[in-house]
Amino acid sequence: MRNLIPKGILRKMLLPPTYGLHLTPGAEFTVLSVEVWSTCLVVNIHVESAAGRAIPEIAIEDHWGTQYTFRDSASLGSRNLQVFTPSLPPGTRSLTIRSTDDANARLVVSFAVPLMREAGEAAKAPVSRPVRLRRPA
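Residues in the sequence shown are numbered from 1 upward in steps of one, following the working numbering.
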């Protein structure tokens, strides 16, 4: 099996608000997570009936309209990892995964993206001191 661990820094792990089985003519699958790396996105998919089934064909979009390009895929048992580039641009608020197995791209899942600082900004961020709790008088 080839090494599919991306180069760069793992910046965030996005989990879907709900886990549901998505059915297409080509595959039955559930999106488990999206890893946000500094260089790419990795979509972690559970393929329900892995034996003899094709890997799900998906597309990613965000609210900026960024073009995410499919780069690589690897399967191990019922697990499928799909790599897309580029990574999320700063300020991205939402990420949507659509199934492209059908003639029309159907919604699979949408993620709310928490605020992420740019790579250089993390070092400049002020360090917060722990809050001391006091007893009421």
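Derived by calculation from the structure, the hints in this document are not laboratory data. For every residue, glycine included, the Cβ atom is placed at its ideal position computed from N, Cα and C. Where hints are given, some of them may not hold.
Claimed, not checked - Here are the in silico distance ranges between beta carbons for each label pair:
no., residue 1, residue 2, range
1, ARG135, LEU115, 30 to 38 Å
2, LEU76, ALA103, 24 to 32 Å
3, THR39, ARG132, 37 to 45 Å
4, ARG106, LEU32, 36 to 44 Å
5, ALA112, ARG134, 16 to 24 Å
6, PRO130, ALA103, 54 to 62 Å
7, LEU32, THR69, 30 to 38 Å
8, PRO136, PRO90, 38 to 46 Å
9, ILE9, ASN104, 34 to 42 Å
10, THR69, PRO130, 38 to 46 Å
11, ARG79, ARG134, 24 to 32 Å
12, ALA59, LYS12, 32 to 40 Å
Unchecked claim - Derived DMTMM-like pairs: lysine to aspartate or glutamate, alpha-carbon spacing no greater than 20 Å straight-line:
no., residue 1, residue 2
13, LYS12, GLU48
14, LYS7, GLU48
15, LYS12, GLU57
16, LYS12, GLU35
17, LYS7, GLU35
Query raised in the report: Do the Cβ positions of THR69 and PRO130 conform to the proposed distance bound of 38 to 46 Å?
Result: holds (43 Å)
Query raised in the report: Has the hinted range 54 to 62 Å been met by the Cβ atoms of PRO130 and ALA103?
Result: holds (56 Å)
Query raised in the report: Holds or violated: 24 to 32 Å for the Cβ distance of ARG79 and ARG134?
Result: violated (49 Å)
Query - Hint consistency between LYS12 and GLU48 [alpha-carbon to alpha-carbon, up to 20 Å] - result: Answer violated: LYS12 to GLU48 is near 26 Å, above 20 Å.
Query raised in the report: Cβ-Cβ distance between LEU32 and THR69: within 30 to 38 Å?
Result: Once the Cβ atoms are compared, 22 Å apart, the range 30 to 38 Å for THR69 and LEU32 is violated.
Report task. May I ask you to test the hint 37 to 45 Å on the CB atoms belonging to THR39 and ARG132? Result -> holds (40 Å)
Query raised in the report: Is the hinted range of 16 to 24 Å satisfied by the C-beta distance from ALA112 to ARG134?
Result: violated (34 Å)
Query raised in the report: When you take the CB atoms of PRO136 and PRO90, is the distance between them in 38 to 46 Å?
Result: 41 Å Cβ-Cβ, so the 38 to 46 Å window holds.
Report task. Hint says 36 to 44 Å; check whether the CB-CB distance for ARG106 and LEU32 agrees. Result -> violated (19 Å)
Requested in this report: Quickly compare the C-alpha distance for LYS12 and GLU57 to 20 Å and report which way the hint goes.
Outcome: Violated - the C-alpha atoms of GLU57 and LYS12 are around 23 Å apart, more than 20 Å.
Query raised in the report: Given a hinted range of 30 to 38 Å, is it respected by the beta-carbon distance of ARG135 and LEU115?
Result: holds (34 Å)
Query raised in the report: Within a Cα-Cα threshold of 20 Å, do LYS7 and GLU35 meet the stated pairing?
Result: holds (12 Å)
In summary, the numbered hints that this structure violates are 4, 5, 7, 11, 12, 13, 14 and 15.
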